Amino acid sequence: MPELYSAKNNSVTTIQNCADEPIHIPGSIQPHGFILVFNEKNEIALCSANAGEFLGTQVKEILLQPYLKVLPAALADIVTQYVQTGRHNSQVPFTVFFNDRYFDCFFRRSSPFFILECIAGIEHSNTVYDVLQHTNELVQVVNTRISLQELCQLITKKIHDITGYDRVMVYRFDENYNGDIFAETVVPEHEPFLGLHYPHTDIPAQARALYIRNLMRLIVDVNYEPVPVVTMNQELAQPEKIDMSDLHLRSVSPIHIQYLKNMGVKGTFTISLIKEGRLWGMIACHHYSPKNLSYARQIQAFLQTQILSSQLGVQETAEMYELAASLEPSMRALQEKLSQDGNFIKNYFEKMPEVSSITNASGAAFIDRDAIYLNGITPNQEQIAALHEWLLQKGQQEFHTNKLSKDFPPAKVYEQVASGVLFFKIIHADINISLLFFRLSQDRVIRWGGQPTQKMGIEALTPRNSFATWQQLIQGESLPWQTPEIDAGFRFVHALQQHLFRLFLREEEARVKQLNEKLVRANKELENINWISTHDLKEPLRKISMFASMLEEGRNIYAPQARRPLERIKDSVGRMQKLMDDLLLYSQMSQGFDSFEKVDLNELLAEVEQSFEMEKAEGIYELHAKDLPVVYGNKFQLHQLFVNLLGNAIKFRKPGAKQIVTVAGDKLNKSKITFCDNGIGFSQNLSEKIFQVFQRGHNVDSLGGTGIGLAICRKIMENHNGKIEAVSREDAGACFHLYFNYGIHN
Amino acid sequence: MDKKPLRLLYVDDDPDDRFFFESATQIIDSGLSVATHNNGALALEHLHESDFAYDLLFLDLNMPVKSGLDVLDELQQVIKDRHLKIVIFTTSGNPANIEATYKLNAVLYVQKPGSFDELVNIIRNIVNMHNQLTLPVPFEQFKFSAKYA
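Chains as they are written, first to last, in this note's numbering: chain B, 1 to 746; chain W, 1 to 149.
Just so you know, the hints here were simulated from the structure itself, not pulled from any lab data.
Hints may contain errors.
List of simulated lysine to aspartate or glutamate pairs, EDC-like, C-alpha gap at most 20 Å [to be verified]: (1) B/Lys-538 / W/Asp-117; (2) W/Lys-112 / B/Asp-581; (3) B/Lys-570 / W/Asp-117; (4) B/Lys-543 / W/Glu-49; (5) B/Lys-543 / W/Glu-22; (6) B/Lys-543 / W/Asp-16; (7) B/Lys-570 / W/Glu-118; (8) B/Lys-538 / W/Asp-51; (9) B/Lys-570 / W/Asp-13; (10) B/Lys-538 / W/Asp-16; (11) B/Lys-543 / W/Asp-14; (12) B/Lys-538 / W/Asp-70; (13) W/Lys-112 / B/Glu-539; (14) B/Lys-425 / B/Asp-487.
Between beta-carbon pairs, the in silico distance windows are [unchecked claim]: (15) W/Gln-76 / B/Ser-572: 22 to 32 Å; (16) B/Ile-620 / W/Gln-141: 24 to 34 Å; (17) B/Ile-660 / W/Arg-124: 42 to 52 Å.
If you only want the chain B side, here are some residues facing chain W, beta carbon under 7 Å, derived [said to hold, decoys possible]: (18) Lys-543; (19) Met-546; (20) Ser-549; (21) Met-550.
The structure presented is a predicted model; accordingly, all values stated were derived computationally and were not measured.
Beta carbons: idealized from backbone N, C-alpha and C, even for Gly.
Looking at chain B on its own, in the form it has when it is part of the complex (with noise of 0.2 Å):
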């Protein structure tokens, strides 16, 4: 004789590991149906142990057998039609009549199985009349404007009315998936529920998955026995094989019958209510004693609940669309002092009440870098500066609580004023201004079931089992901060940083213009410099000169060593009045000119060798120029340039070798000359320091530079609107190229 197995699940559940516990695979069923599982061959691998009496037959008659030799005639039909089309529609039933019973019979697909589920039937079907005038009250009320809690209110009665259970609740969660009773239907017997609250342990996470999975659950009677699912095949005897999570009769979690039977309850009827695919809450219906209902009534109430989903976002939307509009004519007020020209900050923020009514808080902190500027009823600005350190350390943009003493314990002493807390960061010119509002501390009560904070029993199976009404006072929470709330004060935070972005640019003008002012002064400075430095500065030089060679005539009358310090000071004063004279011309070079004229640049750097006859008579030198251009210059500057670059290049000779100095024009660009000799050079990384004042490309004394003649040969190019630029290696020679971009003259 075949031994039966049973695949329930045998492992104890205690209430440590209720999160794990695999409540999706229970191995049992409720006793008001019978479910068979067949296999590939159509053979009944599994069966609920109750299917033999409705079947009229033993369940080891049944097991491995095929379908159509064990089933009556009206079931195997049924089964014959899901094996040969595979459709069905898990929704709307088969209404199966057999051994004088009407069986609402459903299929699911669990590969490689599939299972009938049958469910017996108590009454005869609804006419479809009655699903439509319910479901039309429903809609007209809909259609009217009704606050969210009213249609909620209606719903329950609705449900009452077509399913007859003791009380109906919508239970709503928060958040945090506390709950809370949001409307009800009760009978006079019982008392009310309505306004208590749940905490989130009631309905754990994985419940809550399997209420999103399948959104309606029937518990009959509480006290039921589970009926255990059987086969005879050893291998199909584990949970896991078969999952019976979508079954209509699936076994409910022990740990949630101990929970219902603590409350008195004896059976129960949930429909979930879910929104943007998130479990909102749930239409849940009691009744003191066991109570079975018809899938029709089941569908029907669950049809009544679809519209109410169905409300629940437009609902929602309405009410936030209103909050929206209630917040414009602060906006618009605030936007239109933004809009002025003056600093709204310093102007408005403390004296507008609008400043803290655009989120409708009681209280707002402008946070700059020195200052802090109060809106209505805040903190003290020590306890705002604190707090402004600690949320810009959270490194958000935008941040908002409404218990800010439970992130932040330092405003357990300010909670009155700010429990809640809405903080944005303004990112302007790299520094940090934050805008903050504030929300007094709304004390309240709430009404729980049971004391939420009560220890839970240590026994297997032991939900908290005291459900006594306990009261709460909540302290230290604001009003939480809505969705259009929190929108309004980013619009307020962009405005304000578009008009912080206006007054940074117009003070950015008045620097710039003060700073041109400031230029302009001291370029009209830098013109005394002239006479400066020709007689204040020049006059105690030429004294120094003057003393020191006057000591010179009488140098024989010294000790020796008296003499070379007389030499040093010589020499000293002599690179000074170089200088001087050099910064002269450089100043003067820097001013600019008004006149130009037609320069032949080769008749002007005949002119200029002039000044070099001694050392090109020492044959020091020898100059090659050729097709230089004439172009728009001003003679004087241009003259000064090539005494510079010629003198430059004849300092810088190899020693013991003519330099050789070629100065060209170019064939292809008429406005570029070059400059080139044969001498020491300079290594290329110098070519732009040594254009710099005071920068020489070689560190010689005896070279006698100041450091200044090149940065007055690129002063006279800028001021021809050209450039120049030096090409070098070491001991290779250096080329100048000269760029008149004022053009050449033909």
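Start from chain B and add chain W according to the hints.
Just chain W now, with coordinates in the frame of chain B:
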């Protein structure tokens, strides 16, 4: 050779320059008669009192109270009739000053040198050629240059 010593009057508000001048004239010729004044007003007074008993007047331009140009302006009427010759002795190389003093009948324009040797040379040159310094002076020769030295 006229044994009468050459009489020089040097007017400059700068005591150092007066010291350089006196030292230089001592090196050139101890027989030179040298007087100095530190401002133009005193110098004019002194000239009138001494009935212009000087051969060469070395005149600084940039002086307080009465500038060299003021002095020149007041003297220009009398210069033609006297043998007093006025040498401008200044740090300024400003062309406007050169032109103005030329028009006011100075005979020579000297920029103060940067070394004592040079100063000695310049004064020696002027003393030696003082007879050739007669009005009118060609403008090209008005400004003293090393070429004279």
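Hint check:
Distance restraint check for B/Lys-538 and W/Asp-117: the Cα-Cα separation of roughly 19 Å lies within the 20 Å cut-off, and the hinted pair is therefore satisfied. About 16 Å separates the Cα atoms of W/Lys-112 and B/Asp-581, which keeps this hinted pair within 20 Å; it holds. With a C-alpha separation of about 13 Å, the suggested pair B/Lys-570 and W/Asp-117 falls inside the 20 Å cut-off, and the hint holds. For the given pair, B/Lys-543 sits about 33 Å from W/Glu-49 by alpha-carbon distance, which is inconsistent with the 20 Å threshold.
Between B/Lys-543 and W/Glu-22 the CA atoms are separated by roughly 15 Å; this keeps the pair inside 20 Å, and the hint holds. Proposed proximity of B/Lys-543 and W/Asp-16 is supported: the alpha carbons are some 8 Å apart, at most 20 Å. As the CA atoms of B/Lys-570 and W/Glu-118 are separated by approximately 14 Å, the hinted pair is consistent with the 20 Å bound. Between B/Lys-538 and W/Asp-51 the alpha-carbon distance is near 37 Å, which puts this suggested pair outside the 20 Å criterion.
A hinted pair counts as satisfied when its Cα atoms are at most 20 Å apart, and B/Lys-570 with W/Asp-13 does not qualify at roughly 25 Å. Distance restraint check for B/Lys-538 and W/Asp-16: the Cα-Cα separation of roughly 14 Å lies within the 20 Å cut-off, and the hinted pair is therefore satisfied. A C-alpha spacing of about 11 Å is found between B/Lys-543 and W/Asp-14, which places the hinted pair at or below 20 Å, so the restraint holds. Restraint check: the Cα-Cα separation between B/Lys-538 and W/Asp-70 comes to about 25 Å, which exceeds 20 Å; the hinted pair is violated.
Taking the CA atoms of W/Lys-112 and B/Glu-539, the gap is about 10 Å. The hint holds against a cut of 20 Å. Only pairs whose Cα atoms come within 20 Å are accepted, and B/Lys-425 paired with B/Asp-487 is accepted, the gap being roughly 14 Å. Our hint of 22 to 32 Å for W/Gln-76 and B/Ser-572 is violated, since their Cβ atoms are close to 42 Å apart. For the pair B/Ile-620 and W/Gln-141, the beta carbons lie near 33 Å from each other, so the given range of 24 to 34 Å is met.
Between B/Ile-660 and W/Arg-124 the beta carbon distance is about 44 Å. The supplied range of 42 to 52 Å therefore holds. Interface hint at B/Lys-543: satisfied, since its Cβ lies 5 Å from the closest Cβ of chain W, which is below the 7 Å cut-off. With a cut of 7 Å, the hint placing B/Met-546 at the interface with chain W holds, because the nearest CB-to-CB distance is about 5 Å. For B/Ser-549, the suggested interface contact is upheld, since its CB lies about 4 Å from the closest CB of chain W, less than 7 Å.
Nearest Cβ of chain W to the Cβ of B/Met-550: about 4 Å, under the 7 Å cut. The hint holds.
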